[in-house]
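Taken in order, these protein sequences are the chains called A and B.
Under the working numbering, residues 3 to 158 are what the first sequence spells out, in order.
Under the working numbering, residues 31 to 761 are what the second sequence spells out, in order.
Calculated from the structure, these hints are not laboratory results.
Some hints here could point you the wrong way.
Here are the simulated lysine-lysine pairs, DSS-like style, with alpha carbons at most 30 Å apart [unchecked claim]:
| hint | chain 1 | residue 1 | chain 2 | residue 2 |
| --- | --- | --- | --- | --- |
| 1 | B | LYS457 | B | LYS280 |
| 2 | A | LYS143 | B | LYS619 |
| 3 | A | LYS147 | B | LYS610 |
| 4 | A | LYS143 | B | LYS615 |
| 5 | B | LYS644 | A | LYS143 |
For each label pair, taking beta carbons as the anchor points, the in silico distance ranges come out as [claimed, not checked]:
| hint | chain 1 | residue 1 | chain 2 | residue 2 | range |
| --- | --- | --- | --- | --- | --- |
| 6 | A | ALA156 | B | LEU617 | 33 to 41 Å |
| 7 | A | SER65 | B | ASP703 | 41 to 49 Å |
| 8 | B | ARG522 | A | VAL15 | 57 to 65 Å |
| 9 | B | VAL256 | A | ALA66 | 23 to 31 Å |
| 10 | A | SER12 | B | ASP132 | 31 to 39 Å |
| 11 | A | ALA156 | B | VAL321 | 50 to 58 Å |
| 12 | B | ASP132 | A | SER65 | 42 to 50 Å |
| 13 | A | ASN115 | B | LYS751 | 38 to 46 Å |
Virtual Cβ for every residue (Gly too), placed ideally from N, Cα, C.
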Amino acid sequence: MYELNINGASHRVDAPADMPLLWVLRDLLGLTGTKYGCGIAQCGACTVLIDGVAQRSCVLPVSAVGDGAITTIEGLDGKVGRAVQSAWEALSVPQCGFCQSGQILAATSLLTNNPTPSDAQIAEGMSGNICRCCTYVRIGKAVRKAADDLTQGAVR
Amino acid sequence: MSSDVIVRNVSRRAFLSAGLKAAAGLTLSLALPVQAKVGDAGPGLAGTDKAAAELAPNAFVRIGADDRVTVVAKHLEMGQGTYTGLATLVAEELDARWDQVDVISAPADAKRYNNLLWGAAQGTGGSTAIANSYEQMRRAGAAARVMLLEAAARIWGVDAQTLSAQDGRVFKPGTGLSASFGELADAASRLEVPVEVVLKDPAQFRLVGHPVPRKDIAAKINGSAVFTQDIQRPGMRTAMIARAPRFGAKLKSFDGEKALASSGVREVHAVPSGIAVIADHFWAAKTGRDVLRIEWDESAAFDAGSEAVFKDYATLLDKPGLPARSDGDANEALKDAQGVVRADYRFPFLAHAAMETLGCVIEQQNDGSVDMWYGAQMQTGDQYAVSKVLGIRPDQVRIHTLYAGGSFGRRANPFSDYVVEAAEVLKASGGKTPIKLVWTREDDTRGGWYRAAYMHRIEASLESDGKPAAWRNRIVGQSIVAGTAFESGMTRKGVDVTSVEGAATLPYDIPNLRVELHTTKLPVPIQWWRSVGSTHTAYATETFLDLLAREAGQDPVDYRRALLGESPRHLQVLNLVAEKGGWGKPLAKGRGRGVAVHESFNSYVAMVAEVTVKGSGRYSVDRVVVAVDCGVAVNPDIIRAQMEGGLGYGLSTVLESEITFADGAVRESNFHDYTVLRANQMPEVEVHIVPSAEAPTGVGEPATPVIGPAVANALSSVTGKRYLQLPIRRA
Numbered sequence: 003m004y005e006l007n008i009n010g011a012s013h014r015v016d017a018p019a020d021m022p023l024l025w026v027l028r029d030l031l032g033l034t035g036t037k038y039g040c041g042i043a044q045c046g047a048c049t050v051l052i053d054g055v056a057q058r059s060c061v062l063p064v065s066a067v068g069d070g071a072i073t074t075i076e077g078l079d080g081k082v083g084r085a086v087q088s089a090w091e092a093l094s095v096p097q098c099g100f101c102q103s104g105q106i107l108a109a110t111s112l113l114t115n116n117p118t119p120s121d122a123q124i125a126e127g128m129s130g131n132i133c134r135c136c137t138y139v140r141i142g143k144a145v146r147k148a149a150d151d152l153t154q155g156a157v158r
Numbered sequence: 031m032s033s034d035v036i037v038r039n040v041s042r043r044a045f046l047s048a049g050l051k052a053a054a055g056l057t058l059s060l061a062l063p064v065q066a067k068v069g070d071a072g073p074g075l076a077g078t079d080k081a082a083a084e085l086a087p088n089a090f091v092r093i094g095a096d097d098r099v100t101v102v103a104k105h106l107e108m109g110q111g112t113y114t115g116l117a118t119l120v121a122e123e124l125d126a127r128w129d130q131v132d133v134i135s136a137p138a139d140a141k142r143y144n145n146l147l148w149g150a151a152q153g154t155g156g157s158t159a160i161a162n163s164y165e166q167m168r169r170a171g172a173a174a175r176v177m178l179l180e181a182a183a184r185i186w187g188v189d190a191q192t193l194s195a196q197d198g199r200v201f202k203p204g205t206g207l208s209a210s211f212g213e214l215a216d217a218a219s220r221l222e223v224p225v226e227v228v229l230k231d232p233a234q235f236r237l238v239g240h241p242v243p244r245k246d247i248a249a250k251i252n253g254s255a256v257f258t259q260d261i262q263r264p265g266m267r268t269a270m271i272a273r274a275p276r277f278g279a280k281l282k283s284f285d286g287e288k289a290l291a292s293s294g295v296r297e298v299h300a301v302p303s304g305i306a307v308i309a310d311h312f313w314a315a316k317t318g319r320d321v322l323r324i325e326w327d328e329s330a331a332f333d334a335g336s337e338a339v340f341k342d343y344a345t346l347l348d349k350p351g352l353p354a355r356s357d358g359d360a361n362e363a364l365k366d367a368q369g370v371v372r373a374d375y376r377f378p379f380l381a382h383a384a385m386e387t388l389g390c391v392i393e394q395q396n397d398g399s400v401d402m403w404y405g406a407q408m409q410t411g412d413q414y415a416v417s418k419v420l421g422i423r424p425d426q427v428r429i430h431t432l433y434a435g436g437s438f439g440r441r442a443n444p445f446s447d448y449v450v451e452a453a454e455v456l457k458a459s460g461g462k463t464p465i466k467l468v469w470t471r472e473d474d475t476r477g478g479w480y481r482a483a484y485m486h487r488i489e490a491s492l493e494s495d496g497k498p499a500a501w502r503n504r505i506v507g508q509s510i511v512a513g514t515a516f517e518s519g520m521t522r523k524g525v526d527v528t529s530v531e532g533a534a535t536l537p538y539d540i541p542n543l544r545v546e547l548h549t550t551k552l553p554v555p556i557q558w559w560r561s562v563g564s565t566h567t568a569y570a571t572e573t574f575l576d577l578l579a580r581e582a583g584q585d586p587v588d589y590r591r592a593l594l595g596e597s598p599r600h601l602q603v604l605n606l607v608a609e610k611g612g613w614g615k616p617l618a619k620g621r622g623r624g625v626a627v628h629e630s631f632n633s634y635v636a637m638v639a640e641v642t643v644k645g646s647g648r649y650s651v652d653r654v655v656v657a658v659d660c661g662v663a664v665n666p667d668i669i670r671a672q673m674e675g676g677l678g679y680g681l682s683t684v685l686e687s688e689i690t691f692a693d694g695a696v697r698e699s700n701f702h703d704y705t706v707l708r709a710n711q712m713p714e715v716e717v718h719i720v721p722s723a724e725a726p727t728g729v730g731e732p733a734t735p736v737i738g739p740a741v742a743n744a745l746s747s748v749t750g751k752r753y754l755q756l757p758i759r760r761a
């Protein structure tokens, strides 16, 4: 039995120790916004924030999560997260949409750690997350817009 | 369920006035499916019953008393933006407010929701969604508007011709008379559906041609969009199948004891494609599958390596194939020619590798019928295939089409492979619980149904002025349509048209032109992959054209221009891209520009790519300028998105991706070795859309094949080398 702190709420789950957090979220708790894409930390579709830092939930055993505060797309809030989601909407980033939860959380983590990234830092920082629709042009622009909106105080 | 509200009014006189028909605009006869005329909203529309006060004049639009306009989308939304495009067409003619429009997925029902370009089948593909729906969806919206106007006219006691609709309201100009669509829906639903409607003159469009926001964005940025793997049904179990490591292998024996002892595993069954493990959830299914013991009979299995395949294909390049096009006498002209230019090309197998791996949820009801939830791309074929497995009628297969997390052709499998698998697992387990079949990324990468490997040889001779005198293009590869329901319709004199499209349709003015095909047979299953034949034909023909331009000492754009006299739409996008792409302007040392132009699915795309060749053969693709002519631009922002994404998808195959075989087994398994384009490899993209009044054509595929030759031509302009094999790992 594990006690997990997810989106500000405590959840007790009965799961095998090696079960990745991804499947605890999706199959045991019904939080399906976090996606399975590869299972080997290559694509980033399963990205969640743990204590504000992007992590690959598909390779993180539930036993290793500890008491870190997990944020999934369903619970994304806070200034940076809202700025990212709003930029995503303004620039109509998603196509199929499947990778976008992970992209948005990766972008949130990136901007939390570096509020004023260069374009090259954005491209590198977002390169861990694959988008097969190749929405990369708009992802780059949306991260830039979110960064600008945040530094200009346009986000509440 | 049929909507009796309209049916009982069917004898009433059509109220569409002659005056309205004569109004400015297009008069078209209604070509909605027969049932739609009597207002049958159909079964299973998002599981809700038609409300009493709702207007449902046809299969595609419903207007509620709450003022919501619901558009029923007959096409799969897999990222290409079709929900938005279809809704735009309805809302345009309806004069609805964009923010009052919702989109839901149509049920599987080919009688009402068939693809008009595919005859009797419902499905999405070949960049046909907007092309086949353009008039149909507009008529659907226009019919509803006419009924709302007439309802208002009767309530107000005025002539309907004096009324207008705008932004979701009907009003009488110059008076205070005004009512919302929702207020009129009930009254309108008692009227007869018009048989003929007047469509707007394109000059009156308020939504078409404008970048209205996509309808699927909100759900796709907050995690609420539902994909197959997100479906949960009461009592549902997750199934995973262990498939043979080599195509063509057969099951010899298996031992499921250890798997059954694994925590959360409920059942293990042999199914036609392998051994199915049924478990409580993904992790239990995977853990159980990992400990299955299976022996395969590989005596008839594919055992070759990629190099051996290409070696065999290369020997066929020396032999004449079946003619796919023959203008003049290229064989004779080449026989006597001096200085024949020749190039042999090689294209690997490719996986579609959509972000969402394949999957399908199936649930059997007490009467034997089934409900299925997944990103269905060819509903009619899937219904038939599943009905055969389960011994039920196709209409007993109810498909709830969800968003697909990409497809790129994979979900349009001619044999409904993964859908049939789900039905087989359900059958093997006796139908007692709903089943969610999931494919892991490894299953998806190694599961076949690839873009086939191809080789091309192109030979050409030049006139004294440098123009091509003769061109012979020989293509070798498997047929996508052979053995499928598409074979008779898509084969001409033994030639699979999808193998030669783009090559046999070469737009250039060449007096002696011959295209030949050798169709090969391998046990590797293949199918369409975004832009199909053009994935290889555009690369071979457009890089070869640059070779000829260089041979002739001419500029690649000028060289093409001189040969496109019969192809004005090619020429137009070429000219536009040359202008916008700064063709001819000087570049820094190590940088180069390349051009390519190609038509696929009746859309015309030209690109100028800029590259930088760095030390030790490394290179980057920095910027791509695109010109596209897809007829009427229904949504310019979605067209831009499809150009950006489509060329990115193609760029993966230039820089990174290939499926290879060793002793018949696929080497690649996941994104660490089936590498694809990432954010730091994506060029800047600038898109220019040709203004056009032509009927709209698709944009999902046509950018994909053009990027490869544009990049290769740019690299050649710097290095002087030929790039005859994809992917181009080193410049």
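Hints and how they fare:
1. Between LYS457/B and LYS280/B the alpha-carbon distance is near 20 Å, which keeps this suggested pair within the 30 Å criterion.
2. Distance restraint check for LYS143/A and LYS619/B: the Cα-Cα separation of roughly 28 Å lies within the 30 Å cut-off, and the hinted pair is therefore satisfied.
3. The hinted pair formed by LYS147/A and LYS610/B meets the criterion: a straight-line CA distance of about 26 Å does not exceed 30 Å.
4. A threshold of 30 Å between alpha carbons decides the hint, and for LYS143/A with LYS615/B the separation of about 27 Å falls inside it, so the pair holds.
5. Proximity of LYS644/B to LYS143/A is assessed by CA-CA distance (about 26 Å); at most 30 Å being required, the pair is judged to hold.
6. Range check, ALA156/A to LEU617/B: Cβ separation about 38 Å, and the 33 to 41 Å hint holds.
7. Taking 41 to 49 Å as the suggested C-beta distance range, the pair SER65/A and ASP703/B does not conform, at roughly 29 Å.
8. Checked against the hint of 57 to 65 Å, the C-beta distance between ARG522/B and VAL15/A comes to roughly 59 Å, which is consistent with it.
9. Checked against the hint of 23 to 31 Å, the pair VAL256/B and ALA66/A passes, with Cβ atoms roughly 30 Å apart.
10. The supplied range of 31 to 39 Å is met by SER12/A and ASP132/B, whose beta-carbon atoms lie about 36 Å from each other.
11. Taking the beta carbon of each, ALA156/A and VAL321/B are about 54 Å apart, inside 50 to 58 Å as hinted.
12. For the pair ASP132/B and SER65/A, the beta carbons lie near 43 Å from each other, so the given range of 42 to 50 Å is met.
13. Between ASN115/A and LYS751/B the CB atoms are about 42 Å apart, so this pair conforms to the stated range of 38 to 46 Å.
The structure is inconsistent with hint 7 alone, although it conforms to all the rest.
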